[in-house]
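Here the protein sequences come in this chain order: Z and V. Sequential numbering from 1 applies to the first sequence in the working numbering. Sequential numbering from 1 applies to the second sequence in the working numbering.
Among these hints, one or two may not hold up.
Covered by chain V, according to a simulated footprint, are these stretches of chain Z (three or more residues, beta-carbon under 8 Å) [said to hold, decoys possible]:
| hint | region |
| --- | --- |
| 1 | 15-29 |
| 2 | 109-117 |
Cross-link-like lysine-lysine pairs, in silico, PhoX-like; alpha carbons within 25 Å at most [unchecked claim]:
| hint | chain 1 | residue 1 | chain 2 | residue 2 |
| --- | --- | --- | --- | --- |
| 3 | Z | K38 | Z | K413 |
| 4 | Z | K77 | V | K44 |
| 5 | V | K41 | Z | K77 |
Quick caveat, the hints were computed from the structure, so don't treat them as lab data. Yeah, the Cβ is synthetic: ideal placement off N, Cα and C, and Gly gets one too.
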Amino acid sequence: MGRQVAIASAGFCEHAVRRSDVSMPEMVKEAIDDCLSKVPSVGIEDIDMFVNGNMPAFEGASIPELWMTDWMGARNKPLMRVTTGGTTGGTVAIAGYYSVAAGLPGVDTVLAVAFEQQSQGDTSVGLSSVALGELTAIQSIGMPLQKMKRLVSAGAAIGIAAYQATNYMRKSKITEEDLARVVVQNRRNAAKNWYTHLKMPNVTIEEVLDTPYISYPLRFGMVCPASDGCCAMLFTTEEKAKDMADIPVYVNGVASVANETGIMGYNAGGGGQLDPSEQLGAQRSAELAFDQAGISFPGKEIDYAEVYAPFPNQELMWVEKLGLFETNTAPEMYANGTTAANGEFPINTSGGVNSTNAIGASAMERPAEAALQIMGKAGNQVPKTVHTSLGHGWGGIINLITMMVMADEPKRKFK
Amino acid sequence: MTEQNVVTNKGMVRAEFNFWVGKYMDKFYDNLENKKIVGNKCPKCSDVFVPPRQVCGKCNETIPLEQNWVDLTDTGTLKNYTITKWKITERGSRKVKDSIIGMVQIDGSNTAIIYKLLDVDPADVKTGMKVKIEWNDKTKGEPGDIKGFVKA
Chain Z
1 MGRQVAIASA
11 GFCEHAVRRS
21 DVSMPEMVKE
31 AIDDCLSKVP
41 SVGIEDIDMF
51 VNGNMPAFEG
61 ASIPELWMTD
71 WMGARNKPLM
81 RVTTGGTTGG
91 TVAIAGYYSV
101 AAGLPGVDTV
111 LAVAFEQQSQ
121 GDTSVGLSSV
131 ALGELTAIQS
141 IGMPLQKMKR
151 LVSAGAAIGI
161 AAYQATNYMR
171 KSKITEEDLA
181 RVVVQNRRNA
191 AKNWYTHLKM
201 PNVTIEEVLD
211 TPYISYPLRF
221 GMVCPASDGC
231 CAMLFTTEEK
241 AKDMADIPVY
251 VNGVASVANE
261 TGIMGYNAGG
271 GGQLDPSEQL
281 GAQRSAELAF
291 DQAGISFPGK
301 EIDYAEVYAP
311 FPNQELMWVE
321 KLGLFETNTA
331 PEMYANGTTA
341 ANGEFPINTS
351 GGVNSTNAIG
361 ASAMERPAEA
371 ALQIMGKAGN
381 QVPKTVHTSL
391 GHGWGGIINL
401 ITMMVMADEP
411 KRKFK
Chain V
1 MTEQNVVTNK
11 GMVRAEFNFW
21 VGKYMDKFYD
31 NLENKKIVGN
41 KCPKCSDVFV
51 PPRQVCGKCN
61 ETIPLEQNWV
71 DLTDTGTLKN
81 YTITKWKITE
91 RGSRKVKDSI
101 IGMVQIDGSN
111 TAIIYKLLDV
121 DPADVKTGMK
131 VKIEWNDKTK
141 GEPGDIKGFV
151 KA
């Protein structure tokens, strides 16, 4: 059961702090047009099904997929909306994958679209639709929301990331300079990628360390921006992808694993964890996806990785937890240039979530960038040939991880 | 088991939302400010949209931003209506007088917009009747520039 799935194309719209020049459907259409422009033989009429998603309530627009149905070209076709918090984009991509893998008659080619126009809404109020599950439960033991907000979700996702950061720093003995170095690499990479938000071609470690703390150890200069933007990915069968794309990218492994809730746990009885940087979800999702793809030594077999890191400590943590580098060696890899665009194992040369974060789209932009690096069509293309790559996503509160492993050869094992 | 009401939020949550109307609606509202109705036409099926839109979903056809604009009159046909005593902001505590809300197809267009019918007796309202826009004296380039429709 199941069939091999391929990525035929991926596209973006230009991201910015405020895309007030376009309505939400108009912005989404820009990314779809970019995606289809890379596969000239494919028209909107060739798409059999659509998957769509963004964060719930961020823009105050309910059921946005119906608003933009015509703009996607989805009228009279199957259309499904998926939303899973910060990993929405990754889950939308995985839903696109499964829609093709299922092998239903008439569903061969699926367009997956993930977007966010944060400037339209109040992100903090929107986040409460994700975080309030936890916060209201905490109130049930008599802790008032006003005080809890400061403890758990200070600055929204950064509140969770700060605990991950302090734990990770203590264990691996890294410095704030190591964190700043990751930021510098990301922002300089973003300057070479056409659609990104924070382009800083000349930013230095000193400049990053000269900004105030938001939540120790994370400084203002280290955290992701809030962006407007959209990403689209075209999934299809192995056979059709060969006709559509010069270099089709085959999806060989997908996984989606959740473990502990953020800090306090859903029933306020604890998150079932002492160490938020342990990341069992990341470890398990990597195991599952690599197993499907037949990868035994990810550090050697994978050529390129896009990991979801709004905050620099997460980037160091993910590349270790996903098995790309040995434990406690990630900071060194950033210092010696291994992870640079021209390095041996480039990471996030797109600029990453740290430079561009249209939340609902971000977790799809990781596999999209990973696929484009194999096709040779990425905005900041690495000089080395990429055969195998991965795109990873992270969502807060319920620590939800999405993984998509892909290659230029079909290798998915169906047991 | 004891039952307990754990969360009662009596305060107000302040949430500010913007709404980016986009390139096509921007033109529409600019024209409303000058008390004019414009639509745009699908190059394939010739359907005219009021308000204008980027894509004709029926044909999967993108209508270019700079082309296919149609100037329309401020008259139309009542396609459908309902009569209500209630305002959406009131929770059934206060009655207001009958108000008629109708779907109006602007002459020369293939779509309908929804506004109040003004100065029409509920006994006289009829589907298919001709109506005309009643403009606000001061227009701002927003939906409220149209006060409603009156009998033509």
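Results of checking the hints against the structure:
1. 15-29: holds (count 9)
2. 109-117: Since 1 is below three, the answer is violated.
3. Z:K38 to Z:K413: violated, 29 Å
4. Z:K77 to V:K44: Status holds; Cα separation ~20 Å.
5. V:K41 to Z:K77: holds, 24 Å
Comparing the model with each numbered hint stated earlier shows that hints 2, 3 do not hold.
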